[in-house]
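Visitor: Knowing the structure of chain A, use the given hints to seat chain B on it.
Chains as they are written, first to last, in my numbering: chain A, 1200 to 1578; chain B, 1200 to 1578.
Hints in this document: simulated from the structure, not taken from any laboratory.
No residue lacks a Cβ here, since even glycine has one placed at the ideal position from N, Cα and C.
One or more hints might be untrue.
[Said to hold, decoys possible] Below, a sample of chain B positions facing chain A; criterion: calculated Cβ distance under 8 Å:
id : residue
1  : Glu1216
2  : Ser1237
3  : Lys1239
4  : Ser1240
5  : Pro1265
6  : Leu1269
7  : Lys1272
8  : Phe1296
9  : Leu1298
10 : Asn1517
11 : Lys1521
12 : Ser1522
13 : Tyr1543
14 : Leu1547
15 : Ser1550
16 : Leu1554
Number of protein chains: 2
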Amino acid sequence: MFKLLKKFKKSNARLGELKTKHGIIKTPCFMPIATCGSVKSIDSIEMEKLGANIILGNTYHLYLRPGDKLIKKFSGLHNFMNWQKPILTDSGGYQVFSLAKMRKITEEGVSFQSHIDGSRHLLTPEKSIEIQRNLGSDIIMVLDECAPYPASKKYIKESLELTTRWAGRCKDYFEKTQSIKYKSQTKHKTQRALLFGIVQGGIYKDLRKKSAKQLLELNFDGYAIGGVSVGEPSEKMLQVVDWTMPFLPEDKPRYLMGVGKPEEVVSAVARGIDMFDCVIPTRNARHGTIYKFKNKSSKLKVAEKQNKNFYEILHITNEKFKSDKKPIDKNCQCFTCQNYSRAYLRHLFASGELLALRLASIHNIYFYLELMKRIRNSV
Amino acid sequence: MFKLLKKFKKSNARLGELKTKHGIIKTPCFMPIATCGSVKSIDSIEMEKLGANIILGNTYHLYLRPGDKLIKKFSGLHNFMNWQKPILTDSGGYQVFSLAKMRKITEEGVSFQSHIDGSRHLLTPEKSIEIQRNLGSDIIMVLDECAPYPASKKYIKESLELTTRWAGRCKDYFEKTQSIKYKSQTKHKTQRALLFGIVQGGIYKDLRKKSAKQLLELNFDGYAIGGVSVGEPSEKMLQVVDWTMPFLPEDKPRYLMGVGKPEEVVSAVARGIDMFDCVIPTRNARHGTIYKFKNKSSKLKVAEKQNKNFYEILHITNEKFKSDKKPIDKNCQCFTCQNYSRAYLRHLFASGELLALRLASIHNIYFYLELMKRIRNSV
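Chain A extracted, bound-state conformation (with noise of 0.2 Å):
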């Protein structure tokens, strides 16, 4: 399933492919979020022209609206909205933790109320993997406690105990569903769906150590790294996964959940982190905060220690830009690049017009697969 391709000299970076279901993901990469089963305000044949090659899908939302049952009649959320690449789903996990209401997490599962309608709800362990099975997703990632942050050792030790007993019923219903036949428009009908398994332990090394350790025992197809991006500071979070990283397998893809800006992604691979995935580009965009890196190098330095050096950051909205003929970025090759001024966009903006939510995205996203691109080129 995962094949290391090359180890960078001068760090722990790797580039690697990961075979799915749907298709083959060079990694590192980064995912962008379609939380409601679109990246919002983005078509998944924009999504495939823009050179995406695996997208994340929310369990939470799509479970509530419009159900993981409805979705399996359409053989799967790649049908349902017409996007023939990868899907990793999350558990619904964080979701529940940060969105839900009236939470209650016992050893069967965590009950919660919807934020839409107030219903009740039971997510266990196989409730979300079953639930990730009807949505016919490529990756799927275990049920775990996203532990608030700070939190006190003492509740982090417990939650990630709950978090690897979990871990292992996931797995067990995970390997009792795979042999039924989820139809769908694969290309690679053989390739089975691949399990996550997440190491949590908040802000505690040898609780991090204890989580990888345990969840190594049950043998998943790649490893994510959780309750990250909770919260700490960007510092904490790299150490966290300095603290990780040793436990983790060289031959399993490692996943930084979350995570996160330019700077943070790029340190994080050099640590050897092989996936992203982040709202920060779509939800910028959305408030006209707009990435732009400073040369059209097609390459980019991969080091631990955090740089924001090759990008800068246009806030489209300033009065600055209300004359300026020029494109976000003139060496950029995204649709809004090639098409539109900056003047429009920031009128667009200041119009309130629908679009420059949509142009705006689809220029952050690019630059975020970019991003990944030339860091791969660097490896």
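Guide: Leaving out everything else, chain B in the frame of chain A:
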């Protein structure tokens, strides 16, 4: 400028070609509305792919934001929004009378307060032409008073006399500024901008006649029927068309402003109208109201009597579309129908996803453009 190609046998419907600075428009035609420099939620490249041959820009909105002087710096609206086909601009009058506050009409013009920031402005006939020149419009409209409906005959009479005097001033100023070179990447560099007069007169037959006759003396490039679609019923609107048409010359294009529903468009074509604009396709799309032809015929019956039988409306947010795998219209060649199902579109609306608005708008614009194509095929 206007070439009458063919006249229908059974009605006054006609086929024509209108030559503008940015190319030839086949009539009867429908002009999607790009209020603030974009057809809401759709970009210019998509609009071209959809097959639109002309769009309408709103002078009031663009004058206030980003300002016609700024757009002039971009050599006109075509370059500012990257749309190289014809643009018709309205005079700004309609929005001053419907959106702006603290209006005061004098012989000189209409003073008003911006609905955006409360700033005071004076729109005169000359100012309206100047703004439209700065926008680089292909078809310029004269400033008229858009009288309310209902209004007394006395009010309408005085209003149309003012409108005629304003039309004369517009014509004078238009001629005076005709020789000024406006930089613009045009295909037809020798072609000048066109100026259309607007027939007013409310719902009074003699006043419509009077208005038409007065305007004809000024010899415009085309004639619009204004002051309809301001709240009067559909039959009244068509009656106004009937009263006005006998006085409009055969060799000039005729534009029915702000109309309308599909059956109104067809009935108006049968009465000899060549051009239409309306917010219906895009505004309805954003509310999930979707148009669909009942059959895949390339023609339709063009008759004066209103007939809704050729199309139906889907309220796509309806529960019944929840698991409907079909596209909106299996015979439709639009981007939305070629790629997405009713169920997916319904889901996007239910989830409040921005993409819903764009996909629905694309289809409804395509429907209106296809409607005009079927009409042209039938004439």
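Visitor: Quick check: which numbered hints come out false for this structure?
Guide: Hints 1, 8, 9, 10 are the ones this structure does not satisfy, whereas the remaining hints hold.
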